[in-house]
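**Student:** Below are the chains, spelled out letter by letter.
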Amino acid sequence: MLTARALACARGHRTVLSGIDLTLPAGSVWGVLGANGAGKSTLLATLAGELTPAGGAVTLHGKPLAQLRSSELARQRAVLPQAPSLAFDLDVGSVVAMGAYPYPELSPAALHDLQQRTLAYADIADLGQRRYLSLSGGEQQRVQLARVLLQLLACKGRSEYRLLLLDEPTANLDPRHQRQLLDAVAALARDEGIAALLVLHDVNLAARWCDRLLLLADGKAIAAGTPAEVLTPAHLEAAYGLPAHVLAHPDGADYPLVLFA
Amino acid sequence: MKPSPNSLFKLTPARVLLLLLALLLVAVLASALSGAVSLPLAALPRLLRGDAGDDAALWLNVLLQVRLPRIVLAVTAGAGLAVSGAAIQALFRNPLAEPGLIGISLGGALGAVAAIVLGAPTLPVIIPAAFAGSLLATALAYQLGSRQIGVANLLLAGIAINALCGSVIGLFTYQADDGQLRSLTFWNLGSLSGASWPLLAWLVPWVALLCWRLCRDWRALNALLLGEREAQHLGFALAPLRRRIIVAVALLVGPLVAITGAIGFIGLIVPHLLRLPLGSDHRWLLPNSIVAGALCLTLADWLARVAMAPSEIPIGIVTSLVGGPFFIWLLVRQGRAC
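If you read the sequences in order, they're chains B and W.
Just so we're aligned: 210 in the UniProt record's numbering is position 210 of the first sequence, and the numbers increase by one with no gaps anywhere.
Just so we're aligned: 34 in the UniProt record's numbering is position 34 of the second sequence, and the numbers increase by one with no gaps anywhere.
The following block holds chain W by itself, in its conformation from the complex (with noise of 0.2 Å):
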């Protein structure tokens, strides 16, 4: 039997997955060729071969000390960002809950702000300080969120940690001279020009292996979406199911926070635009929300980079003018199914 033209078009998972992974490659390959130093296509076979004449080390310095490395991190960073979202999503049971809400980001700006004005602008001293940020923020959220059953409690706790870090960022902001207020509007709008091989060295196989643990739960979070109880009743313990995930998103989240700065919607958009074709089936939904967050990055930080070149727009700035506009349409359809 022959199958019908609509199940040989129909969107299963695998096959999303397949077109984003291939959308993923168009993606970075158009993004490693163009930009303020423009690389024709033509010439990568060339340069592959090791005779693209005089501009081949000028070339060759581009992509290999300039956009690979923040290719590669915009591919990490919304792959952690993006799964992380749709696993906060599926704990809260909630589709407008993202990392950020357990005070990770808001913890880890309060670190980096902390850092610029009392310490030294300069990566070293803000990348773990914002990390410390972070994992601080979250433990206090959970701590004070866990004392009762319920996730609503943890959500309470997020919002008070995040008010408070919050104010805190404005009275270091206040104190702050104008040196030190250009670096916090720097970090503070997110940005990729931080990577570097170094660096990727370690955070490429950690946002991995992360990744890997929160996609081995998808049955614990299907069952969360039948509810706390029901989730209890297949057998998965809450208390420990809970900490696993906000450990995993924390030491996730953190890095790329610490990294990057606030590179906002990714985390919540992306797994939001996967459920509309594919449901919300977690074994598919996880990995679909990597490769498409890893997709979504790499296309914003191209837009940032091309948009106004030769200088550059900073990617929170893209990923937020996107972003808002598709959570205010989020809201409105959402208020329409009511």
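Extracted from the complex, chain B is given alone in its bound form (with noise of 0.2 Å):
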């Protein structure tokens, strides 16, 4: 299980958060929401292992992360980059096929269908043979989703803890292509046990597909919860510097509607 203890996140020599206790447990989908340059992507970083952290630790069970090889790491958790681009063009094949590549024992055949399984989750199986550059935005995004799927997918032992780390992955997606990769999200968590987290603009995605929700703001957590307890007007004018009305949605769902004023 990932835990960051009195966490501090840095960009160079300045601290962007600090005080960040966070644990995702196997299972549960984390969204974290702020306004721009509130840190998210900065802790999402520190998270991966990519960026060490200035104060406190991130732990994954119990180890720091840096004491943990990348290779080994990459067995437990995947990233979905904000803005995925390609220096060479590849058929989209081989970059879903790249999500396998911190699991160099498996076969071809395993791999095939790995790779189909995938592809269908993330809605793209009539793309397989295509150029990746020769795709639209929300497509290579959706390429992106199946290779990250797939190097969660193909670990072995579904016992074992697996998390799942998303740097704004709605930002180039159209409305039924939002809610597809937030079903696929979701259905991992609960059917292979998936633990994620999400970094998230839109409040009212957050508050609908995430079981528990972190509100940053002046580099700090202002607030961590359900969704109810996160999404209140106090909260929400803390954070985007916006009046916002906290409306019981209409459709009886347990889960606040959000309208900035």
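Take the hints with a grain of salt, since some may be wrong.
To be verified - Taking beta-carbon pairs under 8 Å as the criterion, some of the chain B residues facing chain W (in silico):
no., residue
1, 71
2, 73
3, 81
4, 89
5, 90
6, 102
Everything labelled a hint here was simulated from the structure, so no lab data went into it.
By construction, the Cβ of each residue, glycine as well, lies at the ideal position given by its N, Cα and C atoms.
Two chains, two frames, a set of hints: combine them into the complex.
**Tutor:** Right, here's the structure in full:
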């Protein structure tokens, strides 16, 4: 299980965040919210083991991330980047197959099965033969999703802890594909016990799809908990500097609906 | 079900590799038989049986002592330069990158020029000096460039080291006398005439070993195409990976530069040509680069020997004459794609 204790994150010498406590148990879906520059991506990069904590610690099963080899870590956590690009062209199948690089022992047949499964998960089964750079931004994002899903699903032991970190995964997607992506993440958490942490801008998407939210402002976490606990007018105004109405959801769901004035 | 003619002729990476190997074989044979002394193909079986008559001694001597070492050097150098180019382009995520970018070529040139002007213009002095120069320049560029994350710094450090090497080369050239100038020019234009069996006996296994080393990293090089962060997320620790690639390329290209002088454009253009039909999957791009590089340099050497026979054009001129216009075409094409 990934745990952050009294975590401080820095970009260069500038401390961006401090005092973050966070536990990501198997099967949970956490959403991270906050204004631009609040430190969401820095937090994600630190939890991914990419940036070293400026204070406190991030541990995986009690071991600090810095003590784990990159190859070991890659078998337990995958990261969907914010603006994925490709320096040279590859076909979609090869990009998705990169998710299996942490598992060189995988047989070609097993890899093929996983590829088909993840392409279907990301709703791009028909794109397998296309060249990546010929795809639209939204399609590219879904190819990257298939790649990180493969990275997690290739892990043999189902009981093993796996973590998926997604940095603004819905930014390039239309509403249908936003929903589909978040559906896929929720299904993975439920069926496979994968822990997920998403950086999101859309407060209502976060309320709808995450069991827990973390709201960042002024270099600190100003609220953490269920959507109903975190999404209050006071918290939202503190985070975004905008007055907000928090309504009961018209569908009668147990999460609120936020309207910024 | 019968395969459709389309799938039969589709250029799969494995087929391209076989095709290139076949072409390389033909090129080697053609190159071995033609030159200042031409060997008729029909005489080859008789030569192998040992009853070629009076010409046998001459032919055997030309073939074994002059041509074959050159051809083997061309194959070895072409393979090494092209595979290094492919690896460096992936490392820098830039199609216009080549091994010279991190100081290997000009560092080697500086070592050679210093040896010629300060020491003696003989191969046993020039080759170690050039090798030392290229390793030193690359190590310096790497040290300077790896102080910060990201490959841009390495690029800038390489440019600075190259500029420095270039100016010191200029200084040495200015100081050189006429005899030394001839040696300098000869070295700067690139040549395969340094080939000899004792040299090849260690160079060939050395280059083969390092080519294999680079090919083994195909996964990491593919992951780098996604981005440095993404490669890290896929389990490739960035700093050791970068060090591994640069050390392999420096150890591979350093001796080649030392022995053959400056042979440009092979490392830049061969990987490019292959990306057009194959895409950039390094699993296939690297082995294909090895064979295609060997093929290109064998053809260039053949052209250099037969174009103005009996005199010989320096091979660096041939590769640049063919490579230069191609590079321009590449730039224009890239500009259009943007």
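**Student:** Let me make sure I understand: some of the numbered hints might not hold for this structure. Which ones are they, in numerical order?
**Tutor:** Failing hints: none at all.
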